[in-house]
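Taken in sequence, the protein lines are chains A and B.
As numbered in my numbering, residues 52 to 220 make up the first sequence, in order.
As numbered in my numbering, residues -16 to 645 make up the second sequence, in order.
It cannot be assumed that every hint is accurate.
[Claimed, not checked] Listed next, the stretches of chain A that the computed footprint assigns to chain B, with coverage defined by at least 3 CB atoms under 8 Å from CB atoms of chain B: (1) 154 to 160; (2) 181 to 190.
[What the hints assert, rightly or not] Cβ-Cβ distance ranges computed for the label pairs, FRET-style: (3) B:G104 / A:P177: 40 to 50 Å; (4) A:K139 / B:L546: 44 to 54 Å; (5) B:E46 / A:P177: 56 to 66 Å; (6) B:L539 / A:A207: 46 to 56 Å; (7) A:K139 / B:L539: 45 to 55 Å; (8) A:A216 / B:E313: 52 to 62 Å; (9) B:Q142 / A:A216: 26 to 36 Å; (10) B:G403 / A:A213: 16 to 26 Å; (11) A:A216 / B:D307: 50 to 60 Å; (12) B:S543 / A:K139: 51 to 61 Å; (13) A:K139 / B:Y444: 22 to 32 Å; (14) B:D355 / A:K139: 55 to 65 Å; (15) A:A207 / B:S332: 16 to 26 Å.
What the hints contain is simulated information worked out from the structure, not anything from laboratory work.
C-beta: ideal position from N, C-alpha, C; glycine also.
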Amino acid sequence: MKSKISMAVLATVIGCAAPQAFAGEQGAGCGIGKVIMEGKSDQGANIVASILNDILIPRTLFMTTASSMDAPVLGCDPTQTVMQDVEKASFVAANLDNLSQEMAQGQGVHLEALAAVMGIDSADRPAFFAMTQQEYATLLPAGDARASDVLASLDAAMLRHAELAKYTR
Amino acid sequence: MRAYSLILLVLTLVAASSTRAADALDALLAAGRYDEAVARLPERPDHYLARLLAEAERQRLWEHPVWRRLLHYQPTLLGGVESQVDGDDFFLSASGKTDPRAELAATLAGFFSTAGVPPQGHTPQCRFRARHFWLDTQLHFDPRRLPKQSCEKFDFFIQGIRPHGISVVFPAEHPDSPSSMFGHTLLRIDREGQTEATRMLDYTINFAAEAGDTSGVAYAFNGLSGNFEGRFRVIPYYMKLREYAQMENRDIWEYRLDISPEQTRFVLMHAWELLPTYYDYYFFTENCAYHLLSLLEPAMPERELTDAFGAWVLPVDILRVLRDSDMVREVRYYPSRYRVIQTRRGRLSDQDNELALDVFARGLASQQARLDALDKSRQADILDLAYEYRRYAGVASSDVLDPSLSDDERALLLARSRLGIRRQAPAVPEPASSPDAGHRAARLGLGAGGDRDAAFLQLDYRGVYHDWLDPLPGHSNSYALAFGDLALRHYLRRAPGDEAGRLRLRRLHVVRIDNMEPWDGFFRRISWRVVTGAEAVTRNDDRQAYLLRGGPGISLATRSRHLLAWGLLEAEIAAGSAYRDALRLAGGPAAGLMASLGERLRLRASARYLYDARAAVQDSAQLEMGISWSAKAGPSLRLTASRQRLLDGWRNSALASLKFYF
């Protein structure tokens, strides 16, 4: 508690750098995994970040995936964090908690964003949202589902659905 | 015959030497030695580069505001200019950091090169897209003589971002974290046809210090002295929403700018140029807010955005500059999870709220029977709130917003999905005032006051930021923060026996932070406050001591937050010649009450008693009441009355002052 206060006192000087101050972010490169974990410093976060890096295309790793907190951020290519070809997978991987919540609720902004990324017409979105709620147990069989599995399950569920089948490959 | 062969020989020699000159020039360009290539141009007056440079000279392009802004040149004290960019890779000329003309020449030379330069190995044309684009509009490059290179990585970058417009994103402070009080600013590049849901898919450009693992004093020192590198990062907005709204529980304000797609594209080209390089990061001046504006400026050179700032740049002031320049088209609000929870709670009965807390604390299984007794709609509300509690608590305990769910969380959501209830999430009411609508950070006060025997005029000045009786709009009513708070008194009439001079120091606080975030059944917040600085310790304000005082406590508030009550235990350590052994150690209780009535009226009552550890005669106490009546962003009229036990006895005094904010 005391150190938190003294940090807060010192950090009030900082203004906009404050989040980074407490985060002390490092590690797991500046691939999408690191980007997902932006703002966190926990060792556990580094491990999850490494896992996320593995889910997506390996070329997102531009430096060695160091699990040590001392890995420098410098040396990775900052222009390569725009990856529209993996947009769907990175969005799902990063927002699994929000998407899970909104699928259970059958509505929500993250779910709408997912529908947009999947190219679903506004007219078909209500059916899509209702389906995610109905099929929740199969879409998210476990709390730590992988993005690729969730997307595959979504595809399979949409195939069984008259209006949504046209969006599957 | 001999004359003929002689002429042939001469012609061959001339041709050979000019080819060698051309080879030498091209070799220099390929080697990245642009200054030398420019220096050797007189040997090749027919080279297209010579033509371009001559035209650039004629137009004096290096003096053009766009060139100045693209290179971030600022005037120096010695009459020259220096670029604020600190990475060497940003300059193609060896003297580029201080010589706009040399940099312009080297840049034009570089456009002819097909060799990559560090750090990413792009050719100059592909690295410096904004420079190329702008110089092309000024000099009209002939594509046959200066071929346009294909820049795949840049094309991929810009196609992914799809620039159409720009919003300035401002994560506001969260009272629980005073360090966030100054806020933060970043840019979001909006795509065409962006909707409320799809905006999270857009990309943001964020400028921050790369601080690594440094923390504490080292962090503060490095940040103040420019020892950190400040870099831009391009990150999807949904990452930032997770970080600010869901992890740090900060409300987010989005200010959509009045900027054309062409200007947006130019800003993005410039961002591309800056991404691999860095600025030395200075917390007060060249911080995230400043460089956000410096990124926008090349696209709108006629608007002198960064010139508006003097000693320091506060993120919230960026918003004011943009508003004042008529650049803000629309403002949107994105509530934090903290606010979402408050809203959901407000809509449930006490009974349902209690059940939601029990589901959170004791697990779904144990509460299933109680839930089954309710209709599905109520069950849905309760489960939704319980899930929000879980996610909030998960972050609070681990500082990580893990996308994967725990078994408990999954069970909650599974049960929720089985209810089959689908409806919109409750709308979180937008605060009456946006952060930029509040009073300005610096404050000047003029007042008069006195006690039974003496009368004085008071002048006070505060550097930043917000106080209990300052106008409330744009701020939370559970914190106060001050850096540099000076109060001077000029005594007009002195008490009998008072021999000291007329000008006295009432206080000089270096830093003062009060955090009175209320405690409730779920948010178990500890309140605290801390202050360090000099204060007068006698009845006539003629003797001062330097102190450090503070401590923890609890505060409670009504649901609307209009009324807040707090209790603390404080300790103080002070040094001053007025004390025995020039030292004082004391501790004791403090309590207070805060009320906000509408936007204009604030009331505060506080009491404190500090028991001296060694000599009861050095005990101190203060009972104070204050009321302020303000215009929305100031000025405000403040009346305070206090009864204090000071080193030489009790004093009842009152003060009326007018505060101005600037």
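Tell me, which hint numbers fail for this structure?
8, 12, 13, 14 and 15
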